[in-house]
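Keeping the supplied structure of chain A fixed, place chain B upon it in accordance with the hints.
Listed here are the chains, written in short residue letters.
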Amino acid sequence: MTDRRDPPIDPADEAWRELDDTLADGPAPAAVPDAARRWLADQRLLHGLLRQLHTADAGSREARVAGILARIDADCGVARRWWVVAAAALLFAVLGVLWVLPAQLPTVEAAVARTVAELQRDVDRRYHMVVVTASPGGKERRVELALVARPGRFRIDGRLPHGTFAAGCDGAEWWRVGGQGLLRRAGPIAERDRAFEGLGDLLEPGYLDVQDLVRRLPQELQLRVVERTPGARGPQVRIEAVPTAAAPRGRLRAARLQCEEATGMVTELELDLVLPLGATRRLVLRYLGEEPAGLVDYSRPW
Amino acid sequence: MDSRALFEILTRDHIDSVRAWLLATLRDGAAAEDLLQETFLVAWRVLDRYDRQLPFGPWVRGIAAKLVLNHRRKLGRARVHYCDDEVLGHLDRGFRDVARLPGCTFDEQLDALRDCLSRLTGAQRESIRLHYEHGLHCKEIAHRLGIGFEAVKKHLQRGRALLHRCLQTKLPDGEPA
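Chains A and B are the protein sequences, given in the same order. Each residue of the first sequence is one higher than the one before, starting from 1 at the first, in our numbering. Each residue of the second sequence is one higher than the one before, starting from 1 at the first, in our numbering.
None of these hints come from the bench; they were simulated from the model. One thing to keep in mind: the hints can contain errors.
In silico DMTMM-like cross-links for lysine to aspartate or glutamate, where the CA-CA straight-line distance does not exceed 20 Å [what the hints assert, rightly or not]:
#	chain 1	residue 1	chain 2	residue 2
1	B	Lys-139	A	Glu-191
2	B	Lys-170	B	Asp-111
3	B	Lys-139	A	Asp-124
4	B	Lys-139	A	Glu-118
5	B	Lys-139	A	Asp-122
6	B	Lys-154	A	Glu-18
Beta-carbon label-pair distances, calculated as ranges [stated by the list, open to error]:
#	chain 1	residue 1	chain 2	residue 2	range
7	A	Ile-189	B	Gln-53	23 to 31 Å
8	B	Lys-66	A	Gly-278	53 to 61 Å
9	B	Arg-27	A	Pro-188	35 to 43 Å
From chain A, some residues computed to sit far from chain B (all C-beta separations above 12 Å) [unchecked claim]:
#	residue
10	Leu-45
11	Gly-163
12	Thr-229
13	Leu-252
14	Arg-253
15	Val-284
Where a beta carbon is used, it is the ideal one built from N, C-alpha and C, also for glycine.
Isolated chain B (complex conformation):
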């Protein structure tokens, strides 16, 4: 198989997980789309440095991390969520765990998250639905639910923490890597 054909397969396999990684790191969805394309272009240009014995996901996320840090240096802290090596390292371990969830594709692995979402209840479920599904800001959610801004943040953060715990239970051995 030539490099171009191999790279196309790798791109299809990993584009969703790299996009999710960028969306976890950048505020602006459009900037994430730009860096997503840039990440795979850089990966293509340095493909000869990729050790085919190792998983491609962490390697390509490493390229994305470098681009994000450059992006942050150029545009400042307002455009990129907090980044340091340790946080990026934890984040990468989280994505390695997601890769161990049942499913052949990233989207199938996200079925575990879909199931966890269906188990959320009350204001946490509603806040997460309004924020992520409908794109509402915390202030708009607070207005809609008739609660305070800080309460919405708390519901979102607790909801995400519960989803995180739920995902852990779905790992093959029930334990993170």
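Isolated chain A, as found in the complex:
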């Protein structure tokens, strides 16, 4: 931090402000004046601390540590098998085979961080959601819903066994309308879980906040990037999640995510859950794209 005995630096200096590339999209400056370096470093120090403060949680921290230790252990294994590597290298050289290795997969921490950052963008995203609940006897209930969401807001529309249904949250209050428009309820956002009361446990609001869902996955499950596949909008990475041996077995038993590698956007999310009395549920969320700004109305329709 800046030495307090130094002459005070005016942080409002217009010339220096432009050198602070933490707040701009353009490239970093090619050079900075000597006098600005300390001010720039202090700004960057706080920038890093604030980013850390608002993106750190115990679950993802443990996942990072576990990821590092797993790679170290794998590294040690590779070192012990040096002769295997040497023999393979010799074999390749002798055969003269040109091996074109696939690009390295991203780490799961990087993939999840990229996804969470992308989902944090304040835009309206449209999804198609399918919820299939199976009783222990094998009887299935299937519900299809249209979901539009942005951070802090959502709206779902669909058909349930007893008629059409819509629910939403506009950031200030939740609402729900069913029974051909006759059954209407609304309340403050703190009670938004009530939007789904009486629906036979078909829906839970926790699954509508995709960003929070992805962010929490490393706390509940062990994630790994399993493959990279070509997609219409560039390469996609597939992440699979299974319960850790040490973690308590929660309702969420497995998850599969398909994400655009470049942006981190989740294009498909599948969750497998266990319900009381042996029932199971699969929730599939397919991303359909962004809605043009201003088109989605999250407020209650009455």
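Using the frame of chain A, we list chain B on its own:
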């Protein structure tokens, strides 16, 4: 204690501060996660060069700095914030000061920052909250607060400068190292 067990302790102790250092240096959070893992892997591979009489934090940040400079050479100035030896040196001194704040872990040391944040007021507090807590870009903050883009940058920079001064007052002797 064997090297693996020691390294696990050191990793747990320093992973948050190295991550914060990388987030101060790189634009892309995902790239910071990749380099964070790479930093500790390299540290493990050269652990025999670490002098156990010296603090681990500056040593491992030195490895991170080399990786960041390589990353910058490969990907260009668009991906990495401005870096030169002097700026990195100042930044490192800042992190050494953070390590002197009260608290046993980096997260506990950040309690000082949490307290300083609670003392910010007005547009500076709101701009910092929207930018760092909600991830909004300056343009989005300007739209939301009904002020200009440059005004938002000014609020963010002044807010950070006030937080910096506030943190200094929380050092054990009230003075930076």
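Hint by hint, here is what the structure shows:
For the hint pairing Lys-139(B) with Glu-191(A), the CA-to-CA distance comes to about 32 Å; that exceeds 20 Å, so the pair is violated. A distance of roughly 10 Å separates the Cα atoms of Lys-170(B) and Asp-111(B); the hinted pair therefore holds under the 20 Å criterion. Distance check on the hinted pair: Lys-139(B) and Asp-124(A) sit about 17 Å apart at the alpha-carbon level, within 20 Å; holds. For a cut-off of 20 Å, the pair hint linking Lys-139(B) to Glu-118(A) stands: about 17 Å separates their Cα positions.
The straight-line distance between the Cα atoms of Lys-139(B) and Asp-122(A) is roughly 12 Å, inside the 20 Å bound, and the hint therefore holds. Straight-line distance between C-alpha atoms of Lys-154(B) and Glu-18(A) comes to about 10 Å, which keeps the hinted pair within the 20 Å bound. For the pair Ile-189(A) and Gln-53(B), the supplied restraint of 23 to 31 Å is violated, since their beta-carbon distance comes to about 55 Å. The given range of 53 to 61 Å is respected by Lys-66(B) and Gly-278(A), whose C-beta atoms sit roughly 55 Å from each other.
Our hint of 35 to 43 Å for Arg-27(B) and Pro-188(A) holds, since their Cβ atoms are close to 38 Å apart. Distance to chain B contradicts Leu-45(A) as a non-interface residue, since its nearest Cβ pair spans about 4 Å, not more than 12 Å. Non-interface status of Gly-163(A) relative to chain B is upheld: no Cβ of that chain comes within 12 Å, the nearest being about 37 Å off. Every CB of chain B is more than 12 Å from the CB of Thr-229(A) (nearest about 19 Å), matching its label as outside the interface.
Taking the minimum C-beta to C-beta distance to chain B, about 23 Å, the non-interface status of Leu-252(A) holds against the 12 Å cut. No Cβ of chain B comes within 12 Å of the Cβ of Arg-253(A); the nearest lies about 26 Å off, and the non-interface call holds. For Val-284(A), the shortest C-beta to C-beta distance to chain B comes to about 25 Å, beyond the 12 Å cut-off, and the non-interface label holds.
In this structure, the earlier hints numbered 1, 7, 10 are contradicted, and the remaining ones agree with it.
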